[in-house]
Each structure stands twice: as C-alpha cells, then as structure tokens.
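Peer 1: Knowing the structure of chain A, use the given hints to seat chain B on it.
Going down the list, the protein sequences come from chains A and B. No gaps in the numbering here: position 21 of the first sequence is 173 in the working numbering, and each next residue is one more. No gaps in the numbering here: position 15 of the second sequence is 32 in the working numbering, and each next residue is one more.
If you are wondering where the hints come from, they were derived from the structure by calculation, not from laboratory data. Just so we're clear, the structure is a prediction, and the values are computed from it rather than from any experiment. This list has only true hints and no planted wrong ones.
From the structure, some residues in chain A lie toward chain B, with a derived Cβ separation under 10 Å: (1) Ala248; (2) Ser264; (3) Glu455; (4) Val461.
Below, simulated DSS-like cross-link-like pairs (lysine-lysine); rule was C-alpha separation at most 27 Å, straight line: (5) A:Lys208 / A:Lys286; (6) B:Lys58 / A:Lys282; (7) B:Lys175 / B:Lys210; (8) A:Lys282 / B:Lys175; (9) A:Lys239 / A:Lys436; (10) A:Lys415 / A:Lys392.
To spell it out: a stretch of chain B is covered by chain A in this simulated footprint if at least three of its residues, at any positions, have a beta carbon under 8 Å from a beta carbon of chain A; those stretches are: (11) 78-85; (12) 89-103; (13) 150-162.
Cβ atoms here follow ideal geometry from the backbone N, Cα and C, with glycine treated the same way.
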Amino acid sequence: MTDAQRFRELFYQALRIRLVEERIIALYPSDVIQSPVHLSIGQEAVAVGACQELEKTDLIFCTYRSHAFYLAKGGNLKEMFAELYGKVTGCARGKAGSMHLTAPEVGLMGSSAVVASTIPHAVGAALAAKHLGKDQVVMAVFGDGATEEGVYHESLNFAVLHRLPVLFLCENNGLAVHSSQSARQRYAILEHARSYGLSAQHIADGYDLENVADTISGLVRRVRQIREPVFVEIRTYRYKEHVGPGEDFHCGYRQREEWWSWKQRDPLEQHPDLRDMMQPSIIKEIDEAVEFARASPFPPEEELLRDVV
Amino acid sequence: MNLSYREALNQAMREEMQRDDRVFLIGEEVGYYQGAFKVSKGFVEEFGTERVRDTPITEAGFTGLAIGAAMTGLRPIVELMTFNFGILALDQIVNNAAKIRYMSGGQISVPMVIRGPGSAAHQLAAQHSQSLEAWFCHVPGLKVIAPATPHDAKGLLKTAIRDDNPVIFIEAQLLYGTKGEVQEGEYTIPIGKAEIKREGQDVTIAAYSKMLLLALETAADLEQDGIDAEVVDLRTLKPLDVDTLVQSVKKTGRLVIVEEGWRFAGLGAQIAESVYSTAFDALDGPIVRVTGEDVPMPYARPLEDLAIPDRARIIQAVKQVL
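If we strip away everything but chain A, and leave its shape as in the complex, we get:
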C-alpha cells in the first residue's frame, strides 16, 4: 500500500465514524435513540489509528465513549444502530444501549459506564492470554479522567509486575465530564506511567491520522513481540458535550477558541475532495443501517430475564 492509499484508508475509516455520529446527532431529536450518547467527534483518528495493527483476535476494552472504537475494530454498523434503537437485532440484543457496546467476534470485549473499570479487565485478559499461550495483544482504552481512579493505578502496577501484554492507551482529550485536566490533576500522566517502569510514549497531535496510526501500530507490534506492557498517551479533543448531541461551551470549563484551534487541523476538514468522493457510499451504508434498526423488532418479553445467570 502506498502512502497515499494508506492515508485514504485511514481517512475513510475516520470519516465513516464521523458520519455515523453526525447521523446520531440528526436522529437524536426524534427520540428513536434514548440512550445517553457520548460522542467521539473530533477524536476519530485515535480509534482508527489504534486499531490498524490489531487483529480480530486481539482484544480491546473500552469506555462509554466507544462508538469510534466499535467501528474501528470492525463492529457491525447495522447491529450498532439497532443497539442504539434498543432493538433485539442489536449487538447486545437491545440490552446495552450506547454505553456498553460489545462485539466479541471482532475482539471488542466490552464498554463500561464506570470510569476506569475496564482497565483491570484488560490486564486480566492479558493474564489469560499469557496463561493460555496466545500471542494476543490486549488494549485498555481510557481517557485522562480515568488516570485519577484507583483501579488505573492498580492495573498498571500489576501489568508491569507480571509482565503482561497490554497496551494502555490514554485518549487524552483534556476534559473529564465538565472539568478541565488542569482543574483535576497535579501529576503528568506520562511521567506517572513511567514511574511504574512502563515504556511510555506521547503523541502530541492526535489529529495526524498517519502519525497516530504509525506510532500506535508500532507499539502494538512491540507488545506482540516483547509480551510486556506499553503505555501511550494521545492528545486529542472532543467537539461535543460530555454526553449528548450538543455543545457545552456555555458551561465555562472550556473555551470555544480551544475547539477552534483543533478544528483548524481536523483531518476530516482538510480534504473536501476526498470527503465528497467517499461520502455517498458511506451515507448509503448508514441509511441501510438506520433502516435495519428502524425495521427491527424490540426485544420480546422473554428477553427480559434471559442471560441474567
């Protein structure tokens, strides 16, 4: 694949995620989607870059902001929309909604609404991979806010102590709910991670599609080879409110200028020609997925008590 082809492939995947979430925004006022939605608009390059080198058998553990990772890892779009609609054809039979997307067939093992709570799961999956002799790479995806939680610390320590093949991926958008990072943290995430003896890398520009993909792919290959944990922090930015389809600049914890400075460099806005060329087929795919969700039935009554224990 030439560099140009590779860029187009990354661009396509990022655009597809953007357009899916823009459709969610468009649908939201109609109330067909009742689930709280935590949108990744502005952060697509991270999810796309993170998944380039991952095989379907490699595992990722995500957060409530996981539409992008679900799609980048290869999750089925129709089943995602059906899940958002609460339909039985959804990826979790309509029991998860937006915050608990799961697609084990492509290695997305779950998404939790409790900050940081899937990080130890990733470490446990890496322990299982080691025990079962698999060459899997496991990726723990979390935000800058998660680094404040106790289990984050507990998980990093254990993974290093027992040399487990985990890539800790900190998607740092500088915001946690409605607080800026400077209002929450007196430590530097990268230095803190390094203090565990972790090899840790920083990607300052999370909007550089190729560099994000190249760097994380290199780290995935490294974890696969050395079978030890590695850490990466990617600086990125979310455009929308913490939860919901709107903006939240009126909340006072961030400035519109901040968003504007990122938007100037947004890769999806830099190439209108590519966007125009790719958009029709993606829109068609989204139309079909939305129609699939709309036409699907809600879960029948017998689903209520199914899969409890």
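Peer 2: Then chain B, alone, in the frame of chain A:
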C-alpha cells in the same frame, strides 16, 4: 473421612485445579503465605506461582483482573482476605461481574468464584465482623452460597468453580477449624438446594453458615424441653430453595429464621416473604426472625455477644411461635 472446613475447601480447590488448567487462585497472600486462613496450604508447591497468584493490596484491581481473565477463557477463584475488604471490590462485582453477561446480550460469560470469610469471629470489632450476604443476594447476576459444614463446603465450592457465572462463596472464620464427615472421592452438591440437617415436627428453624451450627445446638436444647425442631440448612442463599423450606413449613406450620446479618432489610425478610407468598396457609403463626443487631459490631465481648444471635434468643423465638 473427617476433615476440617478449611481442609475441605482446600481439597475442593485442589481437585478442581488438578482437573482443569484454566482454574487459578488469586488474592492477597494466597501463595507463599497460603492465605490468611491457610486455605491454600501447599498450593504453590503443587501448582506454582502462575496459578496461585499473590496480589498487591488491590481488591478492586485483582477482582477486576479476574473478571477480565474469566471473560477470556480462564476460571479464576478470587480469595478475599475477608468479605469486609470485598467492599472495595463492589464496583467490579456489582457493575461488572454481575452484569457483563446481560449487558453483552449473552455473548460473554464471567465464570468466577469470589470467596473468603464473612461474619463475626471473636472481638474483631466493626470493620472485621460483618455479614454482607444480603448485599450480594440483592444483585441480579450473582449466585450466593454460604455453607455450614465441611462436606457442603467442598461439594458446593466444586460446583461453584464449574459454574459459568460469578458465584459469591461466603465462608466464616469461626468455621475454618470445625470438623465433620466428608464423603470420600469425587462429588459435587448442586447450587440452589437446601438440606434438612435435622428432622423435626414442631417448628422449622432456617439458618445457614455459622448460624446453622447454632440452630442445631439449639434444637438439641429444645429437645430437652420436649420441642422437636426441624433445622433447614439453606446452604445456597441465591437462588433460594424455597421448595424445601415450604415443604418443611407445611409439616411444622411454624418458621424461625436465624441470620447473623443486620435486621433491617436483612436476608431473613426476603426468606419470610418467599414463604408467606407461597405457603401462607401452611403457617400456624407469624414467622419470627432472629438477627444481628442493627449496630456496627462493638469490640467489648459482652456487647458483641448481645449483637449476635445466641441460643437463648432462638429458644425465645421458637417459644414465641409455638
């Protein structure tokens, strides 16, 4: 063979770890120290440190880690030094272990056992003397077991390890040294089956774990007074074996429930409701509960004794229903 409760648990885990490579033990000092109560005696020598994992002091972390391992092909046994420290792992147990199967639409299961001692021992004060089983029973997605005898402990732990869902397995510090007959050879006991430990005609006493032993002692006392008590060992608290309890109540017409946990919103309230709603007509009088007091456990012995059910209170309750 005659074994202690501790030895029975040890045998159960040992046999399951021999049978299935995917089973491993993880917790604080379960390896070289052999567990706070020596339940994993000899395990490091037999299975190695990869399958008998000492952890840092991270209840949420290692419980979460075990969940991740369970989701991806292993069958962890998590040892909590005591269930009091399990409170630190509640997010992992309640928000994750119990829900992942349901939230994933049945695609991912979490086969794991979380075990360790609950309830009061002697004068360990408020943070080491709690019976939290009602908390776990309240959560859909968890099974809860609290065996009283070495035989039941072994058979139920083996079944719990083979279960494809998270099982909360509550032992008791004061039970570890108790002895009893344990069946020779391979056996398991099904989850969700109570057992009548003493047959009687006049009153049913339902209990579990440490309180089961107290109920049996009390039944012997009652016999001196000419009262023939039947003692039902619930063994599994969730799913509760209402049928066995109801059959007993249909025979005796009276029910006393003994639990060490706090009274308000305690497990006995649910057990009573389950019996009332299915066998009200079989009752000759109201169900009476003997429970722990609604108080943080005090240290001083006379106060601690007052906070925990004893024979006198069970006898009083039985005489109240007769």
